[in-house]
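Protein chains: 2
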Amino acid sequence: MEESRIVEIKEDILADNTNAANSFRKMLEHQGTFFVDVMASPGAGKTTLLLALIEELRRSASIGIIEADLESFVDSRKIKDAGIQAVQLETRGICHVEMSMVERAFQAFGGQHFDYLFLENIGNLVCPAEFDTGAHKRVMLLSVPEGYDKVYKYPPMFAVVDSLIVTKTDYLPLNPDFDMAALRKQARVLNPRLEIFETCARTGEGIRELAEWIVACRKELLE
Amino acid sequence: MEESRIVEIKEDILADNTNAANSFRKMLEHQGTFFVDVMASPGAGKTTLLLALIEELRRSASIGIIEADLESFVDSRKIKDAGIQAVQLETRGICHVEMSMVERAFQAFGGQHFDYLFLENIGNLVCPAEFDTGAHKRVMLLSVPEGYDKVYKYPPMFAVVDSLIVTKTDYLPLNPDFDMAALRKQARVLNPRLEIFETCARTGEGIRELAEWIVACRKELLE
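Chains A and B, in that order, are what the protein sequence lines are. Straight run, no breaks: the first sequence in the working numbering ends on number 223. Straight run, no breaks: the second sequence in the working numbering ends on number 223.
Heads up, some of the hints might be wrong.
Remember, identical chains collapse to one label, so a pair may be satisfied in a single copy or spanning two.
Claimed, not checked - Pairs of lysine to any residue residues, derived as SDA-like cross-links and limited to a Cα-Cα distance of at most 20 angstroms, are as follows:
no.: 1; residue 1: K10; residue 2: G93
no.: 2; residue 1: K78; residue 2: E130
no.: 3; residue 1: K26; residue 2: K219
no.: 4; residue 1: K10; residue 2: R59
no.: 5; residue 1: K185; residue 2: Q112
no.: 6; residue 1: K10; residue 2: E130
no.: 7; residue 1: K10; residue 2: I94
no.: 8; residue 1: K78; residue 2: D149
no.: 9; residue 1: K185; residue 2: S72
no.: 10; residue 1: K137; residue 2: E223
no.: 11; residue 1: K78; residue 2: R188
no.: 12; residue 1: K137; residue 2: R92
no.: 13; residue 1: K219; residue 2: D12
no.: 14; residue 1: K219; residue 2: A61
no.: 15; residue 1: K10; residue 2: T91
Honestly, the hints are just simulated from the structure, not real lab data.
Here chain A stands alone, though its shape is the one from the complex:
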């Protein structure tokens, strides 16, 4: 197997993906839709955070959610139970979401327009970082039980995102070693423009601030 041939194919795939993502992003802007890609490890609390965000945003805006998983409909069911439009995207074992998958999933909304579209990406802190999904902002979650020492271990993800959302802050008392100041510092060294939020979906901590940031980003883009 020639290494150079593989690298070349991968670059072709990524270039095609980015072109498609740029078109999709423009199309959404014409529809007035602001699109956020939510990435994290498995179990960092993506679905739970989205459910909390929905409660903040739904009063004054329409929302659509694309739920990606290797298989299963567990998460899209939770979103639908909350009365929000959701489409399940099954990657069939693939470790990330590509633009072609987003386009197909979006078609399943049947032409509906939303103020906010969210993609809950595959639970994977590595591979999704490489693939532009057509979102206007990319955010990553890091849950307190995972530990604060992840910046040096998973630098590509920390480098590409617009926001780091620390989740499950109610676990801080059980994690006296979790060094929030070190996390903030390390993350900002790698990515100086990073917006950082500390949240807990259970207690509601930080959810309003996060929602306000998303609303402001949409305003800046569309108005």
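Given chain A's structure and the hints, the job is docking chain B onto it.
Quick look at chain B alone, frame taken from chain A:
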């Protein structure tokens, strides 16, 4: 980009990898070494579990550890601080460990033989499932804070491993929704031969049982 060409290349890579893994496994057996591949999400507690296991095993056996990360030396330093031989394997952004990486890392031990060799794989519940690393047993960790509903979301990993090690059981009181019985049932439906352990490295729960299973597996293979 032709899909068939990519699939073909991937199959070639996986076949080459499996052949190399089989040779490596045989070589270790001749040296009396039992090799365990430890896989999990980021922050599931792989390093902490290994540190607890070391304490159980080191009294009567020699141990070597290969610590894989995209970048950084955080984890191998922790292992070395415990007085155990460790080699850092940096994948340089690659989302899984392949056989060629294991071979190169193993050479860094400089010809030492161990009774037990452990690989702490990349924190990723998806991609490492596909790559045989030459281990005799493959185990996965799932931490309580991640939630119990992961079998349907990450089936390839649950299907390939020999053991599911539930970690951080001290978080159960904070997670009344964590349904251990459902997790056990779903995991065994997908993988009937799965050995399941409930552990907590902090309190020591389940660590001895896990160590005894590893010792018994080595005996069965080598004696």
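The hints, checked one at a time:
1. K10 with G93: Both: 18 angstroms inside a chain and 14 angstroms across chains, each within 20 angstroms.
2. K78 with E130: The answer is neither: 28 angstroms in one copy and 30 angstroms across copies each exceed 20 angstroms.
3. K26 with K219: Within. Shortest intra-copy distance 15 angstroms satisfies the 20 angstroms Cα cut-off; inter-copy 62 angstroms does not.
4. K10 with R59: neither (43 angstroms within a copy, 48 angstroms between copies)
5. K185 with Q112: neither (41 angstroms within a copy, 39 angstroms between copies)
6. K10 with E130: both (11 angstroms within a copy, 18 angstroms between copies)
7. K10 with I94: Both ways: K10 and I94 sit 15 angstroms apart in one copy and 13 angstroms across, limit 20 angstroms.
8. K78 with D149: Result: close only across copies, 13 angstroms inter versus 31 angstroms intra.
9. K185 with S72: Classified as between: cross-chain Cα gap 16 angstroms, same-chain 37 angstroms, threshold 20 angstroms.
10. K137 with E223: For K137 and E223, only the intra-copy Cα distance (16 angstroms) is at most 20 angstroms; the inter-copy one is 57 angstroms.
11. K78 with R188: Result: close neither inside a copy nor across copies, 34 angstroms intra and 25 angstroms inter.
12. K137 with R92: neither (25 angstroms within a copy, 26 angstroms between copies)
13. K219 with D12: Neither: 34 angstroms inside a copy, 49 angstroms across copies.
14. K219 with A61: within (12 angstroms within a copy, 63 angstroms between copies)
15. K10 with T91: both (18 angstroms within a copy, 17 angstroms between copies)
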